[in-house]
Each structure stands twice: as C-alpha cells, then as structure tokens.
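As a plain string of letters, each chain reads:
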Amino acid sequence: MSAVEYEPVIGLEIHIQLATATKMFCGCALSFGEPPNTRTCPVCLGLPGSLPVANARAVHFGLMIGLALDSELAPRSIFHRKNYFYPDLPKGYQISQYDLPLCRGGQLGEVRIHRVHLEEDAAKLVHVGASGRIHGSDASIVDFNRGGTPLAEIVTEPDLRSAEAAGEWLRLLRTTIRVLGVSDVNMEEGSLRCDANISLRPIGSEQLGVKTELKNMNSFRFIERGIRAELTRQEKILRDGGRVEQETLHFDPASERITSLRSKEEAHDYRYFPEPDLVPVAIDAAMLDAARAALPELPAARDARFEREIGLSADSAHLLAFRAELGDYFEAALAAAVDPAPHAQTLANWITGDLLARLPDGQDPEESLVRPGALALLVGLADAKRVSVGAARQVLDRMVAEGGDPAAIVEAEGLAAMDGDDELAAIVAAALAANPEAAENVRAGNAKAIGPIVGHVMRETKGRADGGAVTQLVHEQLGV
Amino acid sequence: MSPPGIIDLSAAQAVAEIEAGRLSAAEIFAFYRRRAADEARELNCFTWLASDLPGNSGSQAPLRGVPLAVKDLFCTQGVPSQSGSLILKDYRPPYTATVIEKLTSAGAPLLAKTNQDEFAMGSSNENSAFGPVLNPWNHTRVPGGSSGGSAAAVAAGLVPWALGTDTGGSIRQPAALCGIVGLKPTYGSVSRYGMIAFASSLDQAGPLTRNVTDAALLLRHMVGCDDRDATSLVFPEEIRLPTAVDLKGVTLGVPQELERPGAQLAGAEIQPSVRASFENALKLAERLGATIKTVQLPHAPHALSAYYVLAPAEASSNLARFDGVRYGHRAEGAEDLLDLYTRTRHDGFGPEVKRRIMLGTYALSAGYYDAYYGSAQRVRTKIAEDFKAAFEKVDFIVTPTSATVAFELGEKTSDPWSMYLSDYFTVPMSLAGIPAISIPSGLSEAGDGEGAADLPIGFQIAGPVFSENRLLDAAHALEAAIGFDGSEAWV
Numbered sequence: 001m002s003a004v005e006y007e008p009v010i011g012l013e014i015h016i017q018l019a020t021a022t023k024m025f026c027g028c029a030l031s032f033g034e035p036p037n038t039r040t041c042p043v044c045l046g047l048p049g050s051l052p053v054a055n056a057r058a059v060h061f062g063l064m065i066g067l068a069l070d071s072e073l074a075p076r077s078i079f080h081r082k083n084y085f086y087p088d089l090p091k092g093y094q095i096s097q098y099d100l101p102l103c104r105g106g107q108l109g110e111v112r113i114h115r116v117h118l119e120e121d122a123a124k125l126v127h128v129g130a131s132g133r134i135h136g137s138d139a140s141i142v143d144f145n146r147g148g149t150p151l152a153e154i155v156t157e158p159d160l161r162s163a164e165a166a167g168e169w170l171r172l173l174r175t176t177i178r179v180l181g182v183s184d185v186n187m188e189e190g191s192l193r194c195d196a197n198i199s200l201r202p203i204g205s206e207q208l209g210v211k212t213e214l215k216n217m218n219s220f221r222f223i224e225r226g227i228r229a230e231l232t233r234q235e236k237i238l239r240d241g242g243r244v245e246q247e248t249l250h251f252d253p254a255s256e257r258i259t260s261l262r263s264k265e266e267a268h269d270y271r272y273f274p275e276p277d278l279v280p281v282a283i284d285a286a287m288l289d290a291a292r293a294a295l296p297e298l299p300a301a302r303d304a305r306f307e308r309e310i311g312l313s314a315d316s317a318h319l320l321a322f323r324a325e326l327g328d329y330f331e332a333a334l335a336a337a338v339d340p341a342p343h344a345q346t347l348a349n350w351i352t353g354d355l356l357a358r359l360p361d362g363q364d365p366e367e368s369l370v371r372p373g374a375l376a377l378l379v380g381l382a383d384a385k386r387v388s389v390g391a392a393r394q395v396l397d398r399m400v401a402e403g404g405d406p407a408a409i410v411e412a413e414g415l416a417a418m419d420g421d422d423e424l425a426a427i428v429a430a431a432l433a434a435n436p437e438a439a440e441n442v443r444a445g446n447a448k449a450i451g452p453i454v455g456h457v458m459r460e461t462k463g464r465a466d467g468g469a470v471t472q473l474v475h476e477q478l479g480v
Numbered sequence: 481m482s483p484p485g486i487i488d489l490s491a492a493q494a495v496a497e498i499e500a501g502r503l504s505a506a507e508i509f510a511f512y513r514r515r516a517a518d519e520a521r522e523l524n525c526f527t528w529l530a531s532d533l534p535g536n537s538g539s540q541a542p543l544r545g546v547p548l549a550v551k552d553l554f555c556t557q558g559v560p561s562q563s564g565s566l567i568l569k570d571y572r573p574p575y576t577a578t579v580i581e582k583l584t585s586a587g588a589p590l591l592a593k594t595n596q597d598e599f600a601m602g603s604s605n606e607n608s609a610f611g612p613v614l615n616p617w618n619h620t621r622v623p624g625g626s627s628g629g630s631a632a633a634v635a636a637g638l639v640p641w642a643l644g645t646d647t648g649g650s651i652r653q654p655a656a657l658c659g660i661v662g663l664k665p666t667y668g669s670v671s672r673y674g675m676i677a678f679a680s681s682l683d684q685a686g687p688l689t690r691n692v693t694d695a696a697l698l699l700r701h702m703v704g705c706d707d708r709d710a711t712s713l714v715f716p717e718e719i720r721l722p723t724a725v726d727l728k729g730v731t732l733g734v735p736q737e738l739e740r741p742g743a744q745l746a747g748a749e750i751q752p753s754v755r756a757s758f759e760n761a762l763k764l765a766e767r768l769g770a771t772i773k774t775v776q777l778p779h780a781p782h783a784l785s786a787y788y789v790l791a792p793a794e795a796s797s798n799l800a801r802f803d804g805v806r807y808g809h810r811a812e813g814a815e816d817l818l819d820l821y822t823r824t825r826h827d828g829f830g831p832e833v834k835r836r837i838m839l840g841t842y843a844l845s846a847g848y849y850d851a852y853y854g855s856a857q858r859v860r861t862k863i864a865e866d867f868k869a870a871f872e873k874v875d876f877i878v879t880p881t882s883a884t885v886a887f888e889l890g891e892k893t894s895d896p897w898s899m900y901l902s903d904y905f906t907v908p909m910s911l912a913g914i915p916a917i918s919i920p921s922g923l924s925e926a927g928d929g930e931g932a933a934d935l936p937i938g939f940q941i942a943g944p945v946f947s948e949n950r951l952l953d954a955a956h957a958l959e960a961a962i963g964f965d966g967s968e969a970w971v
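Listed in order, the protein sequences are those of chains X and F.
Position 378 of the first sequence, counted from 1, bears residue number 378 in our numbering, the numbering being contiguous throughout.
Position 276 of the second sequence, counted from 1, bears residue number 756 in our numbering, the numbering being contiguous throughout.
None of these hints come from the bench; they were simulated from the model.
No experiment lies behind these values; they were computed from the predicted model shown.
Backbone N, C-alpha and C define an ideal beta-carbon position, used for all residues, glycine too.
Hints are supplied without guarantee of correctness; some may be wrong.
Said to hold, decoys possible - In silico DSBU-like cross-links for lysine-lysine, where the CA-CA straight-line distance does not exceed 30 angstroms:
#1 X:Lys264 <-> F:Lys834
#2 F:Lys773 <-> X:Lys82
#3 F:Lys569 <-> X:Lys124
#4 F:Lys873 <-> X:Lys82
#5 X:Lys82 <-> F:Lys862
Claimed, not checked - Going by beta-carbon spacing under 10 angstroms, a handful of chain X positions derived as facing chain F:
#6 Cys41
#7 Leu47
#8 Val53
#9 Asn83
#10 Phe144
#11 Val279
#12 Ile283
Said to hold, decoys possible - Facing chain F, a subset of chain X residues (Cβ under 8 angstroms, in silico):
#13 Phe32
#14 Leu45
#15 Leu51
#16 Ala56
#17 Arg81
#18 Phe85
#19 Pro90
#20 Ala165
#21 Trp169
#22 Arg271
#23 Leu278
#24 Pro280
#25 Ala282
#26 Ala286
#27 Asp289
#28 Ala290
Excised from the complex, chain X in its bound form (with noise of 0.2 angstroms):
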C-alpha cells in the first residue's frame, strides 16, 4: 500500500491599488509619501456628515481590468458597506462590492478568475515603539494618506497547484495590469498585495480540503515561501492524522514562521448591506466603448505576435512581452531605426543581455541615457561588421554612462572596425612573433591554443578587430 499523495489547491485573492487622480470616494489626491495626513478631506476622514462619491475614474479602470480578464461586465453593481471597528476604518464600515460586483467569472493564463470588484483602502497604522509592530509597542497612530485610495480586488478560482505556479501566474497578472496602465503594481510600495487561500487534498479526488488564508505577503519571494512553508505545515498535519483548522494566517518571512491571526470561530460578521448614500454603478455602452478602446495590447497578445510576426525565438518573445517596460524598449528601438538597421533577433539580445547588464536592478531601460535608436544604431552597426562586438560593448558603457551618439562614439574613440588588412596583418604578425609557443601549437591543430593571440590582436586594436578576421589572418600566415 502506497502513501497518500497530497495535491495542493490554491486560490488567490489580489488587491491593486489603482493610479487614478484623486481617491476612490473624495476629490482627494492620492498619496505617494507626502507627509501623514495631509492628503485628508472630511470624506476620507468620515468626519460626521460627509458622504462618498464613486470615482468614475476607478470604474474604468475596473472595467479595463474587467476586460483584460475576460470577465463578465455587470451592466449594474453595487456597493455594500463591510461593518468592523478598526482605527484604520475611520467611518467603521468599508464600501466595498458584495453579490453584485462589477465583474464576474474570467480567466488569465491558466487560471480562472472568479470576481473582480472596487472597494476603499484602509488607512495606514503606525505602531510606535521598538519593535515596530503591533504587539508591544507603545501607541498607534494612524495616518490617513492612504484611507480611501481605490482598490481593485481580483478573486482567483482554486486552479493554482503549486507555490512556483501561484508566484508565475501573479507576475502574468502584474505585467498584465501594468500594461493596462492603472496600477503601479508594486509589491513593496504596496499596490499590489497578495492573500493566497491553500489547501491539500489527495490526488485525484474532487473535494477540496479545509483551507487556510494567508494574508498580506508582501513580495513575490515570500508569496512563494509563505505557500510552500503552509503547504508543509498542512502536509505534516494531515501525514500525522490530525485535521487542518480553517483560520486566517500570518507568514513571518523572518523566521519563516506561519502564526495565527485568527479561528474560524473569531471570523466577522461584517454585516454587509447595500450602502445607502450611493446609487448603484450603471454601465451604459459608452463607458464600455471608452473602457475598449483604452485597451492595449495584453502581454499574451504580445507574446504571440513578436513570435510570430517580428521573428523572435519564443524566449526572447516571452521575455519582451512579459517585462512590459522592456517590451516597449524593444519596440521603441525597431520603431527608431535607420540604416544599419539591426536583425530584431539581435537587437532582443542586446536589450535582454548587455544593456540590462549594465543597468542598475530594476531600472527601465526608458528610464537610462541609452535612447532606444542609439542603441538600435550601434546593433545595426555591430551587425553590419563596422563595428567589433567588443568595440560595441566599450561604446555601450560609454552610453550607458554619459548616453549619446553611438556613431559619434566610435568616430572619437577611433573605435571602428579595422577594414585595412594590412595593419591588421601586421598587428597579427606582430602577435604571432610575441606567442611562439601559442603559434606552434594552432599549427599543431589545437584550434583552442589562439585565444593568446586573438588577446594579444585585442588589445593591441583596443577591440576594434574583428574576432572571424583575426582568426582567418592566424591561420593564413601560419599556413593551416
């Protein structure tokens, strides 16, 4: 008898902040650090008497969102108030979606979406004290910067079976959204936030385990540690004949510790009920029409037509498409180039390797000195040989320290492809007598014996000689 083999099933349920104007239900303007409390009104202070407004900003957006996921698109929603007592809560009661969100079903990649809908955020607690957290310090403050900024909650179905697939499919959506243009998407700052609903079952059967919440991991690094590390915990508990509690979990990426925020038994009754100071979100044809045609292209899209209509080999498609910002470098750079224009395949190479290289972790390559047609020009000129790949990468740090002309570079720095064969033949010469033991070995047919020379070529044309031309010049002159 063989043991049981558990499958995980995992759910998640993501919260983007969207970059409109102003927040989800007052003309306030959204807070990126400002000082606490200065981006308040009496709305998003629920100071007595004030009353919200939807963001018909936020609406589009959730309806863009609604799109890109292929979901259905209630012509009418509602907003219901979630009733809890937190400081962070300043009316006591969130305005968020119940039964009737503005978008239902859908699916991204492999996995199927089960709602989307708008709600407020929560304002900000800082604990003062030592530890900085809630248990042991001193006092808590609240700022309301963030109290009211629109959110966009996105509710997977249980399609996920592994920590590995739940981090991929969340970077799919991120870039997705990003693309979308309405939410910064940003693990750390905060907009975008991840809660993942995981359970275990064996394999092959249909009913799903009791499941655990686990909230608020705040980097694709832990979403994947926080799911493997409760996936182990379950594991055990099940392996040892015990019974999963259905509670609401925190990771502490820390100690990898998984604690207990609350049982099933502390749940809220959050008392929901339609908000009675708003009237319910109508979508007519226009705000469809409007929501459409702000679409772009989606990365899957993307994907397929770099594949297929540029060329590209699938990594580097799949690369370009789904690192939206080097995507858009790419086709910035095709879109600029002149003659010599680069191979595109090429060009992918050059964005994909030596120039994220040199760039700082996570910078945009629209964000550095290098201009999408400099760096289209000095591709095209390395493909065309009237640049050496290594003189090409000495122009590229330049670039990328001090941007600028590429052609201007190698014109400067003397940097072009040497095209008299005769001072590269004296250079090889030269090369040749300074590594006679190297030499006799290439004629000896150890082809890998010329890299001394090839060196001794280099440095000699500071880079400029063509690696193909310096080896074919080694073995003339040595006759093989």
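Using the hints provided, position chain F relative to the given structure of chain X.
Below, chain F alone, put in the same frame as chain X:
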C-alpha cells in the same frame, strides 16, 4: 418700522420689508438674536446662538438677511454641531453642510443651532443630551421630535424660520405639535452633504416655518443637485411661491387603512379633537372645490415595522464612526482598543440611540439579514407601489399628521413602542420618498384628557415625487381657509 412690529412679519414679509428699505438685515438679526437669547433658557430650544450678524449678512441676496435657525445636526464650520449627543459634545466641524452654504449665500444668515433628539432618534425631543425642549403652547408638554428645537423656536417667535430634518416624521410631527408648517421634500431634492446621518436612505432636510409661503420661499433656495451627494437629484422646476386660493379640480385621498388603523394603533387611537379637526379640514377643502375620495394603501399598516428595521440598520452603521479615535468624546484610561470603543460608546450614547444600534445590528447579522432587512426592503417597495397606484386616482393623500396632540413630558419615555406610534402617519411617506407637508388645522378642545385643550393639531398632505409646487399650492389654499393663528404661542 418700529421694532415691536418685526414679530408680526412672516419671513417672506420681512424679506419684502428689507427689500423696500423699511427694515434692515441688522435690525431683524438683532431683534431675533435678543428674543432668542432672552427665551432660550425657558424652552431650551437652542444649543448655540450667534453672537453677531456675520460680516456678510447677505442683505443683497434674495433672502435679504432674514436669519435662520438650523437643527444641531447640520454641520456648520467652527460652530458646535453635536446632533444632540454627548458623544459629539462641543464638536466643531471643519466644513459646512451644502444646504446651509446655499441658504447663507441666498441671504439667510445663521442665527442659532437648535436642540433635537440625539441623532434625530425620537418623537418628543426628550432624547437630547442637552435636555428636553418644552412646547411653547404648554410648557409641561413635548414639542415633538426629533426637530423639536426648530419647531418650538419658530412657534414661539424666537426665530423667523428654521431647518429641520425628517427621517420618519421628524419635521412634520413637531410642526404639528407646535402649530407651524413643516415640509419634508422629495428624497434627494435637498443635499444631505453635511447632515450628520441617522438613516441615509430616509433623511431629508426641510423647512419649519410659520406659514406655507415661507416654507416655499426657504425650500426654493434649498433644492438642487449636489456633486457631493450621490443620491441628490436635479429638482425639475423652480419652487414657486404658492398663489392658489381654492382647490377646484383637486382630488384628496383619505387612506382607509390610516383612517381606521384598528389593532395597529392599539393604545394610540386618534384623539377625538384630532379626528374632529381632520374632518373639519376636509369639509373646508370640499368647500374650496376639492373632491374627497377614499384610497387604499394596503401595506401602509406595516410601514412602522419596516421603518424600525431599516432606519436602525442604517443607523447602526452610520454611528459606527463615533469610536473615540478621531473626534468627539473619548473615554479616558481605556485599557485597550476594545475597551476604548465600548467605554466611549457606553458613555457617549443615550439609551434610545443604544436601543436602535442594537436593533439595527441584530437586523443585519448573518442569518437574520433576509428575515429582517430583506423583508423590510420588500415592504418598503410595496408601500411605494401603493402610493404610486393611489396617485393614479387622487392628487394628494391626506391624514392627520399625528394621532395625538402634544403629550406630557415623560408620558411615553418608558414605552418605546407607544413613542414610535407618534410617527404612524408620517413614516409611510418617508419610506416612499415622497413629499409631505403638515399645516396647522386648529386647536384641540377639552375632552382629550386633562390639559389637552388648546394644543395645535396638524393636517398632513402628501403628493407624488417632485409635486412640491402643487403640494404647496394646495396647502396654501387650505391654510387660508383654516385661518389658524399661531401668535398665541409667541413668548
């Protein structure tokens, strides 16, 4: 014009006098400021009095500086806005309610804030944290509520006119008990922005005035769609000053169910004087050319039950923000967060508010929502449909505003249900969102129990959504025929 004559002017007449240069905004403000200050302690109508006429009195604006008293729950920047509650004692908001801004810029400067039932929950003004208001007609009796301070102040001639709010009858019932005019407009026609909420889907601001013309004049400058209130509506026409002198071609409907409420009104039968005054008003209406018909509002008897689910449900959520964290009362020495919440709310809220928070919380709880909140919503829809059907047959529906005249202070405080019955005739219109006005139809006679004579009786007229102009015209014609003299209550 000599100062003693100012009291005899209605607000609309005062506007005309200032316009004609025979009276100044400063004079009328000072006159009422003095009267209000002198009498404030006696009736306990006010929670705050302006010390000076504001710099910009608005004497060039349409209302010419005729000053206004407003219910405590309207937010007024820098001025206490406490909604009759200890939990908001001395709370001074950083902004002003839209309707107050509109009226100030229309030329009605703020003279006073008026006492009220705590968070507008009550029918006698006995639930105020700042003490009960006395009825100017008889100081042992209640003025009605929750806009009791506004009604008593207007009836006593301490202010020319006042604003109240009506959730289930809180303008109309105190207007009736104090012998003045009170109008609850169509839901959505006046912005709720800056009104400290009781029940959001029902709350509506409206005028309390000496006569129908004043109500029309004030309402004209109150209505209008407000970007800050998502439920506010564009009023489809200007509010006109009423001119009708007869009711020719007008059909009034008397609801069978409200006329003979039977068991629903057990313990609160329509008092004989109220019934007599109502029937007398119907006779006068017929004499003015009106046709009287009986109409059916089959679901109206359930209105009070539905109301006492829906309004507390909304209130339980609306009042959650009073937690001691940001403003208002905060309990000292709390041990932890929960302790802060419970002690702040325990000390800050009065018993009626606590009762409704508990009722509402229960009604919204998991497992009970559909049985209570859901059913009540369905009843509300049915009631609105009843009115719609009735208005196919009649122009207006008429009832007594209150089954009784003003009752004794303390008479109903120990029996919440009997207090709730005070709103029996006014709640159905609130649930339907339709406009309704109460005008004085006469005084009670001896026979309703000791001390019940010479107390005002209200006659309620309700019309379809946005029928305010027609409603005011009908009320104006009937008002003239009734010829009620409220000056007896002036102090």
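Results of checking the hints against the structure:
Straight-line distance between C-alpha atoms of X:Lys264 and F:Lys834 comes to about 28 angstroms, which keeps the hinted pair within the 30 angstroms bound. For the proposed pair F:Lys773 and X:Lys82, the alpha carbon gap of about 46 angstroms is over 30 angstroms, so the pair is violated. Distance restraint check for F:Lys569 and X:Lys124: the Cα-Cα separation of roughly 28 angstroms lies within the 30 angstroms cut-off, and the hinted pair is therefore satisfied. Between the alpha carbons of F:Lys873 and X:Lys82 the distance comes to roughly 42 angstroms, so the proposed pair goes past 30 angstroms and is violated.
This hinted pair checks out: X:Lys82 and F:Lys862 have alpha carbons roughly 27 angstroms apart, not beyond 30 angstroms. Interface hint at X:Cys41: satisfied, since its Cβ lies 8 angstroms from the closest Cβ of chain F, which is below the 10 angstroms cut-off. Among the interface hints, the one on X:Leu47 holds; its C-beta lies about 6 angstroms from the nearest C-beta in chain F, closer than the 10 angstroms criterion. With a cut of 10 angstroms, the hint placing X:Val53 at the interface with chain F holds, because the nearest CB-to-CB distance is about 5 angstroms.
The beta carbon of X:Asn83 comes within 5 angstroms of a beta carbon in chain F, closer than 10 angstroms, and the hint placing it at the interface holds. With a least beta-carbon distance of about 9 angstroms to chain F, the hint placing X:Phe144 at the interface is held under the 10 angstroms criterion. The restraint placing X:Val279 at the interface with chain F holds, with a minimum CB-CB distance near 5 angstroms, inside the 10 angstroms limit. Interface restraint check for X:Ile283: the shortest CB-CB distance to chain F comes to about 16 angstroms, outside 10 angstroms, so the restraint is violated.
A hinted interface residue such as X:Phe32 counts as satisfied when its beta carbon comes closer than 8 angstroms to some beta carbon of chain F; here the least separation is about 23 angstroms, so the hint is violated. For X:Leu45, the shortest C-beta to C-beta distance to chain F is roughly 7 angstroms, which falls under 8 angstroms, so the interface hint holds. Interface restraint check: X:Leu51 against chain F, minimum CB-CB distance 5 angstroms, threshold 8 angstroms, status holds. At about 11 angstroms, the closest approach between the beta carbon of X:Ala56 and any beta carbon in chain F exceeds 8 angstroms, and the interface hint on this residue is violated.
The interface hint given for X:Arg81 is met, as the beta carbon of that residue sits about 5 angstroms from the closest beta carbon of chain F, less than 8 angstroms. Proximity of X:Phe85 to chain F holds as hinted, the smallest CB-CB distance being about 6 angstroms (cut-off 8 angstroms). Because the closest C-beta pair between X:Pro90 and chain F is about 6 angstroms apart, less than 8 angstroms, the hint holds. Interface restraint check: X:Ala165 against chain F, minimum CB-CB distance 34 angstroms, threshold 8 angstroms, status violated.
A least Cβ separation of about 32 angstroms between X:Trp169 and chain F goes past the 8 angstroms threshold, and the interface hint is therefore violated. Taken as an interface hint, X:Arg271 checks out: its beta carbon lies about 4 angstroms from the nearest beta carbon of chain F, inside 8 angstroms. Checking X:Leu278 against chain F by beta carbon gives a least distance of about 5 angstroms; that is within 8 angstroms, so the hint holds. Checking X:Pro280 against chain F: minimum C-beta separation of about 10 angstroms lies over 8 angstroms; hint violated.
Annotation: X:Ala282 was flagged as interfacial toward chain F, and the flag is violated, the nearest CB pair being 12 angstroms apart, outside 8 angstroms. Annotation: X:Ala286 was flagged as interfacial toward chain F, and the flag is violated, the nearest CB pair being 19 angstroms apart, outside 8 angstroms. The interface hint given for X:Asp289 is violated, since its Cβ lies 24 angstroms from the closest Cβ of chain F, which is over the 8 angstroms cut-off. Contact between X:Ala290 and chain F, as hinted, is not supported at the beta carbon level, the nearest pair being about 20 angstroms apart and thus beyond 8 angstroms.
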